[in-house]
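K.L.:
Sequence:
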Amino acid sequence: MKTSQLLGHLLFVVIHSQCISLAAGCVDNSPKPFLMPLSNCTIPPSLNFPNGVDSWGVQINFAGQQLCVVPSGVVNNTVITETEICTTDHTSGEDSAQCISRRGGTFNYASASSSYSNISIGSLASDPVWNTFNPAFGGAGTATIEFPSDISLPNFPVAIALQGQNLNANQLGLANDSVLLHSFVSSSITSSMSFGLFAGSQSISRPRDGHIVFGGYDASLLAGPFSNYSMSDTPQAGGRLCSLEVVVNQITLRRPGVPNDVQLLAAATPMPSCIEP
Numbered sequence: 126m127k128t129s130q131l132l133g134h135l136l137f138v139v140i141h142s143q144c145i146s147l148a149a150g151c152v153d154n155s156p157k158p159f160l161m162p163l164s165n166c167t168i169p170p171s172l173n174f175p176n177g178v179d180s181w182g183v184q185i186n187f188a189g190q191q192l193c194v195v196p197s198g199v200v201n202n203t204v205i206t207e208t209e210i211c212t213t214d215h216t217s218g219e220d221s222a223q224c225i226s227r228r229g230g231t232f233n234y235a236s237a238s239s240s241y242s243n244i245s246i247g248s249l250a251s252d253p254v255w256n257t258f259n260p261a262f263g264g265a266g267t268a269t270i271e272f273p274s275d276i277s278l279p280n281f282p283v284a285i286a287l288q289g290q291n292l293n294a295n296q297l298g299l300a301n302d303s304v305l306l307h308s309f310v311s312s313s314i315t316s317s318m319s320f321g322l323f324a325g326s327q328s329i330s331r332p333r334d335g336h337i338v339f340g341g342y343d344a345s346l347l348a349g350p351f352s353n354y355s356m357s358d359t360p361q362a363g364g365r366l367c368s369l370e371v372v373v374n375q376i377t378l379r380r381p382g383v384p385n386d387v388q389l390l391a392a393a394t395p396m397p398s399c400i401e402p
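This note's numbering puts the first residue of the sequence shown at 126, with every later residue one more than the last.
One thing to keep in mind: the hints can contain errors.
What the hints assert, rightly or not - Distance windows between CB atoms, simulated: (1) E271 <-> A391: 29 to 39 angstroms; (2) I246 <-> S311: 36 to 46 angstroms; (3) P175 <-> F351: 42 to 52 angstroms; (4) F351 <-> V383: 29 to 39 angstroms; (5) P170 <-> N385: 45 to 55 angstroms; (6) N301 <-> S171: 16 to 26 angstroms; (7) Q375 <-> A348: 15 to 25 angstroms; (8) G263 <-> Q375: 36 to 46 angstroms; (9) V372 <-> N301: 12 to 22 angstroms; (10) N154 <-> A391: 49 to 59 angstroms.
By construction, these hints were calculated from the structure, which means they are not laboratory data.
Bear in mind that the values here come from a model prediction, so they are computed numbers and not experimental data.
Every residue, glycine too, gets a C-beta built ideally from N, C-alpha and C.
Given the sequences, and given the hints that come with them, work out the whole structure.
P.N.:
What follows is the structure, encoded as structure tokens:
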């Protein structure tokens, strides 16, 4: 797996709950926030994955198949890759096992459970950012999807990528019109389309698990007051749609054992940046 250092980010919204008056007092029946871990995602060897899968993200079960997905703030659909993508993609220099692990496992139509059904690609949510960097989705289907914390959704639609050189992992779509967040609300699993993201770190020397809190945020990660920034899909620098954008005013490189810092970006040249795990 490629080693990278990921920074944690938290997104906040106000969650409203309703209180029902009873003789014994006031009872809050609104859905409670719940957590999904973001960490090393290991799938043991199987018929679909003879060498197993060593990836990072949230481990899910879609149509009876274990897969790893990473949260994405730029796609609305949950996107999984089909097995064929790792038998036809030889441009990266990877073998098939490396390709499968890097993507978090691939979906095998032949091994799908009876809950799986093909659907029209046109019935998927719009994903203009995906279309900018990758070919259009090659397939789509619905099936029961299972998440950590004993959360499951029947007939959940996913986009299936049959090709795409700019795709490096299965993606859990959390953008502005997220199918998953809409499904959680409509199924009364959460009371709002909100989530808190702490990405953690894949550092070899200092690894740190992260998590996603749906319907709220992890208050234990707050070090002080925070500011509210609304997500939007306004075209940003380069014309790319970015739901969660920040403007970086300065980047400083600090090297262990070296007294002098290196300024990689001066304050006079702000850099619009898209936060994406």
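K.L.:
Is 12 to 22 angstroms a correct range for the gap between the Cβ atoms of V372 and N301?
P.N.:
19 angstroms, holds
K.L.:
Given the hint of 29 to 39 angstroms, is the C-beta distance from E271 to A391 inside that range or not?
P.N.:
Violated: the Cβ-Cβ distance is about 48 angstroms, outside 29 to 39 angstroms.
K.L.:
With respect to the beta-carbon atoms only, verify the hint that Q375 and A348 lie 15 to 25 angstroms apart.
P.N.:
20 angstroms, holds
K.L.:
Between N154 and A391, does the beta-carbon spacing fit 49 to 59 angstroms?
P.N.:
About 53 angstroms separates the Cβ atoms of N154 and A391, which means 49 to 59 angstroms holds.
K.L.:
Does the beta carbon distance between P175 and F351 stay inside 42 to 52 angstroms, or does it fall outside?
P.N.:
Given range 42 to 52 angstroms: holds, Cβ gap about 46 angstroms.
K.L.:
Tell me if the beta carbons of F351 and V383 are separated by a distance inside 29 to 39 angstroms.
P.N.:
33 angstroms, holds
K.L.:
Is 16 to 26 angstroms a correct range for the gap between the Cβ atoms of N301 and S171?
P.N.:
36 angstroms, violated
K.L.:
Do G263 and Q375 keep their Cβ atoms within the hinted range of 36 to 46 angstroms?
P.N.:
42 angstroms, holds
K.L.:
Quick one: are I246 and S311 within 36 to 46 angstroms, going by C-beta?
P.N.:
Between I246 and S311, where Cβ atoms are some 22 angstroms apart, the hint is violated.
K.L.:
Verify the CB-CB distance for P170 and N385 against the hinted window 45 to 55 angstroms.
P.N.:
With Cβ atoms ~49 angstroms apart, the hint holds.
Checked against the numbered hints above, the structure breaks hints 1, 2, 6 and satisfies the rest.
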